[in-house]
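A.B. asks: Mapping the sequence shown onto my numbering, position 39 (from 1) lands on 147, and the numbers just tick up by one.
It should be emphasised that the hints constitute simulated quantities derived from the structure, not laboratory data. These numbers come from a predicted model, not from an experiment. Beta carbons are placed, not taken as given, at the ideal position from N, Cα and C, and that holds for glycine. Be a bit skeptical, because a hint or two may be false.
Pairwise CB distance ranges, derived in the manner of DEER restraints [to be verified]: (1) Ala-140 <-> Trp-112: 38 to 44 angstroms; (2) Ala-113 <-> Gln-151: 43 to 49 angstroms; (3) Ala-113 <-> Leu-147: 48 to 54 angstroms; (4) Glu-143 <-> Asn-110: 26 to 32 angstroms; (5) Asn-110 <-> Ala-144: 48 to 54 angstroms.
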Amino acid sequence: MNQWAFVVAAYGVTIVATVGLLAWAFLSMRTAEAEADALKRRQ
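My request is simple: use the sequences and hints to build the entire structure.
C.D. replies: Rendered as structure tokens:
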């Protein structure tokens with residue numbers, strides 16, 4: 109097995125982790141915005 113398999117696997121892991129982090133941050137942001145809007149409406 110040559111080194112390119114490991115290079116491709118490392119890029120794959122990095123891309124998947126980056127997309128997962130972006131999705132988690134986006135969902136957290138949406139939740140926080142919804143909670144902030146709920147507080148505004150309550151006042």
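A.B. asks: What hint numbers does the structure not satisfy?
C.D. replies: 2, 4
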